[in-house]
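Trainee: Produce the entire structure from the sequences given, and follow the hints as far as they go.
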Amino acid sequence: PIMIPWNSTLSLHYRMIAYDTSGNMNTTVERTVTVTDNDVPVFGTDSSDPTAYTGDDFTFGIVVTDNIAVQDVWVIYRFNSGPDQNLSLTGTGPYSAVLEMPVSILGTMTYTFFAVDASGNLESTPGITVQLLDNDRPLLRNGSAQKAYVGERFRFIVSLWDNDPNKGTVYV
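Numbered as in our numbering, the sequence shown ends at 841 without a single skipped number.
Simulated from the structure, these hints should not be mistaken for laboratory data. Quick caveat, the model's predicted, so the values are computed rather than measured. We treat Cβ as the ideally placed atom computed from N, Cα and C, and that holds for glycine. Among these hints, one or two may not hold up.
Unchecked claim - Quick list of the computed label-pair ranges, beta carbon to beta carbon:
#	residue 1	residue 2	range
1	Ile673	Pro771	19 to 27 Å
2	Gly812	Val767	55 to 63 Å
3	Ile826	Gly713	50 to 58 Å
4	Val799	Arg822	23 to 31 Å
5	Thr794	Ile826	47 to 55 Å
Mentor: Here it is as structure tokens:
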């Protein structure tokens, strides 16, 4: 047997030759065998951010290698139990993409990396879940009057909004 090079899809060309003890020789016609890449891409280190924060950028990062050539790398992610969304990664090692986290969603983000090589071999990582935490200040608008009068009550008018409806009371 011969070993097909691990990083080549060049066709194998060969012919067989036989000799007998009288010195007679015979040969076959040249045969060509197509070499097919059946090795999937290999994932290395996931350098994605360990936690996501509302309104901030989250960086996905993953090392991907292939014995022939990586063609495409992408991530499919979802917030909590929401719909899957797709984002292409760029680069060569690591591949990366930046996603701005939504302001009004808290909980978790689950993501899975996918890679396909030049021969169409597809591979994916197990799903990874990170916490999506609130680090945004509440919004505060002061609608109080511009003047106050001696001996009279002054009324404070404040509008509040926070991206986390579960925070409860917001104090002013």
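Trainee: Against the structure, test the hints numbered earlier, and report the numbers of the ones violated in rising order.
Mentor: 1, 2, 4
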